[in-house]
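Single-letter residue listing:
There are 2 protein chains.
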Amino acid sequence: MTKSVITILMLFVLQSLIAQTKKLTGFYEKNIDRELSLESAFDKNLSNISIGETIRTLSAEPHHISSAADKKNAEYILSLFKEWGWDAKIETFYVLFPTPQTRLLEMTSPHSYKAILKEPALKEDATSGQTGQLPTYNAFSADGDVTSDLVFVNYGLPDDYEILDKMGVDVKGKIVIAKYGRSWRGIKPKVAQEHGAIGCIIYSDPADDGYFEGDVYPKGPFRNEFAVQRGSVIDMSAAYPGDPLTPGIGATKDAKRLERLQSPSLLKIPVLPISYHDATPLLEALDGQVAPVEWHGGLPIAYHIGAGNTKVHLKLAFNWDIVQCYDVIAKIQGSKYPDEWVMRGNHHDAWVNGAGDPVSGQAAMLEEAKSIGSLLKTGWKPDRTIVYCAWDGEEPGLLGSTEWVEEHVKELKEKAVVYINSDANGRGFLFVQGSHALEPFMDEIAKQVIDPQTKVTVFERKRDHEAITARGTEAREKLWKENELKMEALGSGSDYSSFIQHAGIPSINLGFSGEDLAGDYHSIYDSYTLYQKFKDPEFLYGVTLAETAGHAVLRMADADGLPFDFTHLYKTITSYTNELITLLKTSRESTELENQIINSGGYKIGEDPTKGYSVPLVRTEVPFLDFSPLQNALLQLKSSTDKLNNVYQNSIRTNHINDAFNQSLYRAEQQLLNEIGLPRRPWYKHTLYAPGYYTGYGVKTMPGIREAIEQRNWEEAQQQIGVDAKIIIRFSEYLNVLSSSEN
Amino acid sequence: MTKSVITILMLFVLQSLIAQTKKLTGFYEKNIDRELSLESAFDKNLSNISIGETIRTLSAEPHHISSAADKKNAEYILSLFKEWGWDAKIETFYVLFPTPQTRLLEMTSPHSYKAILKEPALKEDATSGQTGQLPTYNAFSADGDVTSDLVFVNYGLPDDYEILDKMGVDVKGKIVIAKYGRSWRGIKPKVAQEHGAIGCIIYSDPADDGYFEGDVYPKGPFRNEFAVQRGSVIDMSAAYPGDPLTPGIGATKDAKRLERLQSPSLLKIPVLPISYHDATPLLEALDGQVAPVEWHGGLPIAYHIGAGNTKVHLKLAFNWDIVQCYDVIAKIQGSKYPDEWVMRGNHHDAWVNGAGDPVSGQAAMLEEAKSIGSLLKTGWKPDRTIVYCAWDGEEPGLLGSTEWVEEHVKELKEKAVVYINSDANGRGFLFVQGSHALEPFMDEIAKQVIDPQTKVTVFERKRDHEAITARGTEAREKLWKENELKMEALGSGSDYSSFIQHAGIPSINLGFSGEDLAGDYHSIYDSYTLYQKFKDPEFLYGVTLAETAGHAVLRMADADGLPFDFTHLYKTITSYTNELITLLKTSRESTELENQIINSGGYKIGEDPTKGYSVPLVRTEVPFLDFSPLQNALLQLKSSTDKLNNVYQNSIRTNHINDAFNQSLYRAEQQLLNEIGLPRRPWYKHTLYAPGYYTGYGVKTMPGIREAIEQRNWEEAQQQIGVDAKIIIRFSEYLNVLSSSEN
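Going line by line, the protein sequences match chains A and B. Position in the first sequence (first residue = 1) + 30 = our numbering. Position in the second sequence (first residue = 1) + 30 = our numbering.
Just so you know, these hints were derived from the structure itself, not from any lab. You may find that some hints are simply not true.
Same chains, same names: a pair is fine if it fits in one copy or spans any two.
DSS-like cross-link-like pairs, simulated, lysine-lysine; straight-line CA separation at most 30 Å [what the hints assert, rightly or not]:
#1 Lys511 - Lys74
#2 Lys668 - Lys148
#3 Lys477 - Lys508
#4 Lys102 - Lys148
#5 Lys102 - Lys563
#6 Lys249 - Lys361
#7 Lys153 - Lys508
#8 Lys641 - Lys443
#9 Lys563 - Lys361
#10 Lys283 - Lys641
#11 Lys144 - Lys249
#12 Lys668 - Lys516
#13 Lys112 - Lys196
#14 Lys668 - Lys615
#15 Lys511 - Lys52
#16 Lys196 - Lys508
#17 Lys756 - Lys60
#18 Lys52 - Lys443
#19 Lys508 - Lys615
#20 Lys407 - Lys361
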């Protein structure tokens, strides 16, 4: 070999090495450096000090929807966007928002106690004594004036009522008291109402976010005896989120509204949240059967179910006002594809001061917007339009985002490439939930953003944390050897809901948490003081959130080929299908066994006869269902996602992706919608992801089939298998067309 | 077929059916009816009323060892035996038994609190205010006067200290406070002492047997704020039970004694048990790091580890008296084999009144003795000698039984066929632990004795209860389909210990429990009132215990062929061996993984850096051990147990079992002893069963190998595999000789 041949060879090797290191999903090789420099410039503009200042400013006063400070904050956010060069405006909706007129909870027997229903100011917390705080209440409780026996129902979930049934306890005509936790709060009064209760009290047990977890505020971050979790009890998961009076349409000033008492998302019974200071005398007074050991919380008493000796009087009345809801919407027009929108959002309304929820996320998002503004000044412009949204009215029921999505749904379905959401943020570990075609995209970002405490990537930090805290060698090893970021599915609980579940817009929800544990949620103590002391003292994770979400926004805005990888979606749907097959099988096996035990008297023999427990009823056998339509549809999907993946990779390699192809990519998720919606909840249209009917926030994947199996509705389960199979085939055919178009 | 042929055939079928129903392990067919009638007559003599009266009588006064009522009870029991026709006497030993002279616990900083160390009398409980109650203390604590910082150590077990290490907390020179539970109490001060602590406080946390479990006494049976668990902290598991001054020999008046301070079973640091009333101010005062969430108990505070701001002063001094220990030993001479002893025991001493512990078991045993006395009057005599023992001094450390066994060990090894133990008893489910060659024997009994509440067999009741309370279909199904009684292995905690673990006498421990949950253990509230109200209101389970133990005694006494089935022992040893192989494997896998995580910085990355946790140290790799000697020994054992089983079955069928064969059967278990004992604890000689070095009561099976693996002493583990293999081969050869002798 001559020297020159060697040199040429060496150059070739070198080039391949460079080419290898220069991979960025969605970008032509030639554009990678530019994108990485842009992100690097973006990062340099981010300041933890500035995030801290924004948190302080926006949480300076109580700023729930319709409050003066809420409006002030919206206008302040608007002015910031404008100052940073964004085209920003406030879109106003008119939504139902009840505030308390009367709140009374008193025990009248066996002795009297009047609940104080008030969180005291603390000298250690400057904002805790402010005026303008919303009283402690559950928004969208019904008005009511009820007096009855009190019954303790544990977390108030369907399984708890099964145990009460067994114990011979009926809540019909009673008032129930449930612990906060284990489900979205709105499930508790809903299930109570389904069982005939006439009122519901929800309290924060110290075993859940109080002294069991550590020192209480102000010494530590956990819930003190007076702190109350406010919150909405709108029936989001079984009906719809957003304004109760305008399902499916934007709550504009003149929108056609339902009669309030006709709204399917409103409860019929009164509900009130209380502190454990107020709960203690009530629970202490309960008598009758001792609650099952697993029901006992953290109060220094033996928990009882109640036996009719404890009477409480609950009286609630609300101002059922229609209030203004201020969504701040800010845009930077895309230079190449102005009609393709990369969207980012975080709500700005709080229950009280909300330094953590939502201001910590809002401040990070605003820091991104500021940095993007600075990039604009360097002459850069995004290829696609970037839309930043500061939502109002999230707390009462995702009002601002839902109304906005409903109002703009047609435009969104055409233009929205992705919606990236955040909410409360703090010190700890990355979490990402969302549309699974974006899993590799988020994986790549998580392997580039650096954790501020340990200086490794946020992916590594998350992985190592999960590995060392898991129990059992097998689980630890699996997590330790995980080399891809796993995205969870989206349920509900923040503003992504209407985007993904109603409109089929690919969505991501992300943030950091795990080292910011606290018990200030929805209380007056979610303050700047607490946040700065306990949740993210130097606001470094504000910067990390801004980097993570910001990179996602910038990449999506400038990508040559939109980074959707449907092979990941295929794998995810396959794993859900396998879960469903297993779910049916285990349900069949457990039903068979339980029926055997019941029929042969096993419960009568094995239970303590002095307890007088009723024997469970024999259940209908679990039939075999035909999963083959789904399995065959998945075969098709595999083939079409593999093909599309090849086409995509090839087009990226050859710098050859056209706008129509990209548009079809981001609109693909809409093919997963079933326009008639899920059974009994037409608003929820996504066939893969929905909040659980009886979990509220917690997701149910392939919900049509899964919940039918869980509810033992076999006919519907079989029918939903057919529905999902058809949707998958339609999706698969859509991808095939897409592959052909690019070939 | 002629009519007569048909008749003959029918008769034949009928006979086989009768023959089938007439199976009673250990009896020639011709003797079965006689035995069953005997047992039926035995049962008819048992009276729940009488058992209740005995409980009331024996628990009428505080009767700890050396008290006046203890002596009175011993004499009363003696008189009963005599009255019922037994040849009874009291054997007296002279044992060390410390009682408190000085008890002082006070907190001196950050503020002062003096512990009350006293359980108040309750008007609802007649005996709770009696004089003569032992103060609350831990017998065999060292004398001491120490003042130091207090450190909370959770349950005070080795794993807890690993976590403290990680947190950077050292207990050297400190006083520790530990929760009762999760191990025998003596482990807690021992481990504290090993870690350099100078004092130890143990308290009853309400999450363990207080209000977390239900209503507290007197409203319910659970531990109230003032109740204290007394108890021994002698180093039973690492040294030996029984009198600390006379290891291995009977503590007769003139026995050669160790110097007290030289005794290896005595602690060097002071230990005091307290109530949660006394623990609360101490735990509230602790500061420093918040304890891990899993450490939090049931008090309404955030538990802290302590940081040096909480000083306590603990001063304890004891009267180190040698006291008299009254074992009541009663015999009925066997008519055929007077030198074969079927033994039955239950202690009679209590910490205070002890209606549950031990009187409920003692009363059932006495009811058996009374019934056997009545049988004698009908002219029946047992083939073998029956020996009933009411032990003294069990509470301070199995003193009475251990000294008696040590004194009579030579005779016992010749004569003792079996030792059947009971202790506290109550409403609920049968539990049986013991020598596994007796598993089918106890299985047969459990399938004949009837549960008083449900009228099914106690086997069925136990099985159904376990099945319906298990979690997960697989576990439930396994338990539900279980058709044999499973016997657990014997650890320590009652008077069987010296029989099985020191002398190799086949032993069984049994009783009923599970519906008698309470928190009166070792307090003044373990009274007749509490027992009758909460544990076995009609004393029906006293009768059931008497039936179960009584049938075992009568069958053993009259069996033609002693019902030892060594094929069950073989299966049990095989399952232990497989457990050990798996234990080593999982230890290797977890060590490999942990070392990888440590070496690659996973702990540094995954932990919260603000906690300053230390990274675990890399551990030496787990080698492969050679289990083949054990596995080959088991091959031999399988062959010899199968052969012996055939011989036995054949001899029973042909009414052909001789006395020498029976003697060899009951002495076989002694072949499992290793005369030099377990490593570092020569008193414990059984190679299959021992209390765990760091569990105390909890058993470790094949302890030589298992604890060496657990302690990562690989060389010793390999050596102990050899030891156990040799023992098994010796045992196997012994059985072969036995088979040949009978052939």
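Hint check results:
1. Lys511 - Lys74: neither (33 Å within a copy, 67 Å between copies)
2. Lys668 - Lys148: Neither, since 57 Å and 74 Å both go past 30 Å.
3. Lys477 - Lys508: within (19 Å within a copy, 46 Å between copies)
4. Lys102 - Lys148: within (26 Å within a copy, 63 Å between copies)
5. Lys102 - Lys563: Cα proximity of Lys102 and Lys563: one copy only (26 Å, versus 66 Å across).
6. Lys249 - Lys361: neither (43 Å within a copy, 68 Å between copies)
7. Lys153 - Lys508: neither (48 Å within a copy, 59 Å between copies)
8. Lys641 - Lys443: Neither. Shortest intra-copy (58 Å) and inter-copy (47 Å) distances fail the 30 Å Cα cut-off.
9. Lys563 - Lys361: neither (34 Å within a copy, 75 Å between copies)
10. Lys283 - Lys641: For Lys283 and Lys641, the Cα distance exceeds 30 Å both inside one copy (58 Å) and across copies (53 Å).
11. Lys144 - Lys249: Both. Shortest intra-copy (28 Å) and inter-copy (26 Å) distances satisfy the 30 Å Cα cut-off.
12. Lys668 - Lys516: within (20 Å within a copy, 51 Å between copies)
13. Lys112 - Lys196: neither (62 Å within a copy, 51 Å between copies)
14. Lys668 - Lys615: Within one copy, since 25 Å is at most 30 Å while 39 Å is not.
15. Lys511 - Lys52: Within one copy, since 25 Å is at most 30 Å while 61 Å is not.
16. Lys196 - Lys508: Only across copies: Lys196 and Lys508 sit 24 Å apart there, 40 Å inside one copy, limit 30 Å.
17. Lys756 - Lys60: Neither, since 41 Å and 75 Å both go past 30 Å.
18. Lys52 - Lys443: neither (33 Å within a copy, 81 Å between copies)
19. Lys508 - Lys615: For Lys508 and Lys615, both the intra-copy (25 Å) and inter-copy (17 Å) Cα distances are at most 30 Å.
20. Lys407 - Lys361: Answer is within: at 15 Å inside a copy they meet the 30 Å cutoff, but 104 Å across does not.
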